[in-house]
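Residue strings, one per chain:
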Amino acid sequence: MSETTTVHIADAKHATTHHEEHGHHQQSFISKYIFSMDHKTIGKQFLITGIVWAVIGGLFSVIFRLQLGYPDTTFPILETFFGKWAKGGQIQPEFYYSLVTMHGTILVFFVLTAGLSGTFANILIPLQIGARDMASPFLNMLSYWFFFIAGIVMASSIFVQTGPASSGWTMYPPLSALRQAGDGQKIGTDLWLISMALFIISSLLGGLNYITTILNMRTKGMSMTRLPLPIWAMFFTAVLGVLSFPVLLSGAILLLFDRNLGTSFYLSDIVINGEILPNEGGSAILYQHLFWFLGHPEVYIILLPAMGMVSEILSVNSRKPIFGYMAMLGSLFAIAILAFLVWAHHMFVAGLNPFLGSVFVLLTLLIAVPSAIKVFNWLTTIWRGNIRFTPAALFAIGFVSLFISGGLTGIFLGNSTIDIHLHDTMFVVAHFHIVMGVASMFGMLAGVYHWFPKMYGRYLNNTLGYIHFWVTIVGAYLTFWPMHYQGLAGVPRRYLDKSGWVNFNQFGELDKFITVVSMIVFVAQFIFIINFFYSIYKGRKVRTANPWGANTLEWTTPINPGHGNWEGDIPEVHRWPYDYGKDGREFIPQTEPVGASESKH
Amino acid sequence: MQTLLISAILVLFLVVIFQIAKASEYVAMIRGYENARKQSNKINAFLLLAFLAIGLIGVYYCNELFKDKILGEPASNHGVLVDRMLYVTLGITFVVFVVTQIALFWFAYKYQESDNRKAFYYPHNNTLELIWTVIPAITLSVLVGFGIFYWFKITGPAPRDAMVVEVVGKQYGWEFRYPGADGILGKKYFKKINPANNNPVGQLWEDPANHDDVFVEQEMHLVVGKPVQLVIGAKDVIHSVGLVHFRLKTDAVPGTPTTMWFTPKFTTKEMKEKTGNPDFVYEISCDQMCGKGHWSMRGTIVVETQEEFDAWVASKTPQYLVANPDKDPARQMENTDAAPLTGAIIR
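Keeping their order, the protein sequence lines are chains A and B. Note that our numbering has the first sequence beginning at 1, numbered continuously upward. Note that our numbering has the second sequence beginning at 1, numbered continuously upward.
Hints may be right or wrong, so weigh each one.
[As the list claims (entries may be wrong)] Sample of chain B residues at the chain A side, in silico, Cβ under 7 Å:
#1 3
#2 10
#3 14
#4 21
#5 41
#6 89
#7 103
#8 113
#9 124
#10 133
#11 147
#12 248
#13 250
#14 254
#15 281
#16 296
[To be verified] Which stretches of chain A does chain B cover? Using the computed rule of at least three CB atoms under 8 Å from a CB of chain B, they are:
#17 351 to 364
#18 408 to 415
#19 578 to 587
What the hints contain is simulated information worked out from the structure, not anything from laboratory work. On a predicted model such as this, the values are computed, not experimentally measured, just so you know. We treat Cβ as the ideally placed atom computed from N, Cα and C, and that holds for glycine.
With the hints as extra help, turn the sequences into a complete structure.
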């Protein structure tokens with residue numbers, strides 16, 4: 001008995017000395033940086049992996065834009081790198097479709113899902129709710145490593161002889177189910193499906209952890225209505241993911257069965273390359289339901305974290321509370337619910353019962369109401385503020401602008417009458433790139449610029465940030481705005497050469513223009529990447545714990561928080577996070593008790 | 001060599017930008033971060049305003065550039081509805097777009113940081129929030145109402161006198177079947193598909209309705225002013241019948257037949273005059289990713305007068321006779337009348 005007591009005391013002493021020396025326990029390189037269970041390190045792992053994937057996915061888009069802008073020109077360098085895929089310097093159709101498929105998959109799943117919510121849910125949730133780590137740091141670590149393995153499998157598919165999957169990121173069967181249909185439908189598609197299955201496991205492990213942490217591990221006084229909006233956004237994101245990703249998993253597994261075990265879930269009445277297949281009774285439409293039951297919530301899985309972070313960043317940099325906190329929360333909730341009820345608007349022309357279509361028109365356009373509320377609330381947040389244009393604030397403003405532009409075109413596509421004409425045209429490409437792709441990317445970049453000092457204890461270079469912002473927003477609009485016109489003219493998506501068509505051939509100059517702009521924007525992203533990696537090691541050091549004058553808890557931690565985040569006790573929370581400019585005070589941190597003379601709101 | 005040069009220039013360009021940024025940080029260090037921050041705040045506020053102004057001019061310019069290249073007059077009855085819905089939506093969303101973008105960038109400029117201003121503590125206002133919940137809700141209800149009304153008109157049942165044409169998509173082309181004089185498409189079964197035996201859609205020859213069906217590839221003929229119902233299918237993977245001038249589209253799904261109907265308003269000849277393009281032709285584009293030849297999966301439609309159409313049909317031999325040249329149609333009818341049909345049959 002006495003022996004154990006001694007040991008305990010010795011342990012406690014040991015721990016105290018460590019707290020004084022490093023603020024956390026000694027860790028080996030591997031447990032600190034590789035198989036880390038610290039939520040901050042895992043967040044950084046997601047972010048850096050996301051950046052690597054973004055470069056790969058972005059590069060693919062530049063390559064296929066070359067084909068779109070210059071269908072008759074040859075680029076010998078492509079043959080040097082890609083061999084038979086770019087025979088004679090000309091991108092082969094199979095390769096083109098592989099590039100499009102990989103670009104979509106990588107950007108949607110690896111960058112804007114894992115890279116965005118993986119990064120910021122991990123970094124922000126424990127720091128902003130006042131927890132030492134996630135509910136299960138081990139599952140959290142597994143979440144990253146499943147994502148990593150999913151990436152390895154996806155990357156390996158690029159190197160197999162028949163090439164990566166090429167059925168589009170939606171992977172519709174029967175095309176994706178039939179090996180006979182083309183090279184991209186061979187082993188590449190199996191690898192794609194396996195990679196997605198691993199990715200879904202990663203996403204579920206992460207999501208369950210985020211939900212549990214937010215619900216159970218909030219610090220004293222941090223009621224749900226005192227949570228900063230990014231946390232609410234991550235919460236709804238995680239709920240969406242946990243409920244919808246398993247449906248995609250089932251869809252993917254049935255597709256693997258159809259491909260490899262001779263089942264007929266999606267297959268019926270097929271004659272391909274003169275071969276009559278035995279399958280009867282399957283439904284190709286079933287897959288579309290399963291896919292879009294994830295696929296549409298996925299859009300909000302990508303968007304909500306960006307919305308949450310933008311709300312926070314706009315409020316901090318306007319030195320003003322977010323306008324309508326409860327309305328922001330309510331609209332997040334409404335979007336999360338409606339996200340599950342609109343999936344069939346991707347299938348208006350798939351031969352759905354027209355009555356079902358009309359129900360989905362109603363539900364789809366309903367989602368514009370909470371979206372509109374959010375936009376008006378952001379506008380009111382900056383109205384009569386005292387705005388500091390940090391790079392993060394600029395990206396947040398850019399997000400709002402892009403969200404308006406892309407959201408409004410959604411009203412066209414959500415209306416089945418107009419969708420009959422615009423479905424699967426370049427209009428759709430323009431719409432979702434602006435509202436989901438670029439806008440979310442802006443939210444993510446705003447988050448990186450805003451929380452970089454917390455992540456690395458150093459600042460990013462501001463000038464590079466400004467150049468990055470201006471080139472990116474101008475380039476994004478120049479790339480995607482004119483694409484709407486191609487779509488209105490009915491130019492279908494995924495057409496790699498339009499010269500054979502009488503009615504789609506009038507945009508040659510525009511395609512060249514878009515290609516050039518997209519290359520400039522791609523190169524401009526390296527300004528950010530250089531800034532990011534340079535500043536990790538050489539950036540200006542952060543010398544104050546709260547550089548932005550923000551209220552939330554992450555700025556009460558040490559400048560370089562160790563494992564466990566706070567050195568002493570976790571601070572107690574006494575108020576909501578948006579008391580900026582109240583009673584003549586610049587900002588009032590959440591940890592400050594409400595004064596007796598303080599005005600109520 | 002050229003690539004090397006371009007890469008070198010790009011790297012150099014990035015290095016230069018990086019050095020300028022480093023230098024600006026040193027300058028800021030000397031002049032004080034607070035001053036540097038305030039100055040860049042002013043510059044960025046101005047740039048936001050400039051972006052708004054140039055952006056709106058750009059929107060106008062872009063429209064001038066492309067407005068004649070997009071939508072000609074819709075060439076079907078449904079197309080008129082689609083275009084009307086489109087322009088109503090465009091009108092509403094354009095107003096919202098301009099107002100909100102101006103508000104966003106103007107507020108950003110006007111309320112840039114200044115030592116003389118204190119931010120206005122304004123956490124919520126229930127009246128305002130109610131207003132901008134209700135107004136979008138009403139506007140959207142109107143759009144939903146119109147949308148669904150038109151949608152049911154477009155997807156509703158085809159008129160009784162509509163002619164029927166079967167459209168079949170395959171990697172990478174289109175096939176069409178006309179029902180012939182009886183107006184009925186004969187039964188088919190996919191396992192009977194055999195192009196070598198002149199049975200490209202798998203018609204069941206036992207079904208007498210098949211005996212007058214006409215099969216053609218790549219070019220569909222329609223009659224101006226006459227409703228047509230397309231019965232759409234696919235042989236291998238999902239395709240989509242995209243008819244840009246008629247503003248219509250429906251997927252072609254193997255195993256699940258779909259339909260759409262419309263009335264062409266102008267003959268191909270009339271469209272040549274309207275568009276001023278002597279090479280004008282109605283095109284069928286595949287709008288659903290269907291493999292490596294997706295981008296080239298093109299069919300054409302000839303819209304013509306009833307007389308021209310009748311003459312065209314008369315020039316075609318029914319597929320039954322192409323496949324069974326030895327058979328006399330009249331005698332064959334007698335033989336197969338009693339023959340039972342086997343297997344699952346898809347009409």
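Verification of the supplied hints:
no.	hint	verdict
1	3	holds, 5 Å
2	10	holds, 6 Å
3	14	holds, 6 Å
4	21	holds, 4 Å
5	41	holds, 5 Å
6	89	holds, 6 Å
7	103	holds, 5 Å
8	113	holds, 5 Å
9	124	holds, 5 Å
10	133	holds, 6 Å
11	147	holds, 4 Å
12	248	holds, 6 Å
13	250	holds, 5 Å
14	254	holds, 5 Å
15	281	holds, 5 Å
16	296	holds, 6 Å
17	351 to 364	holds (count 6)
18	408 to 415	holds (count 5)
19	578 to 587	holds (count 6)
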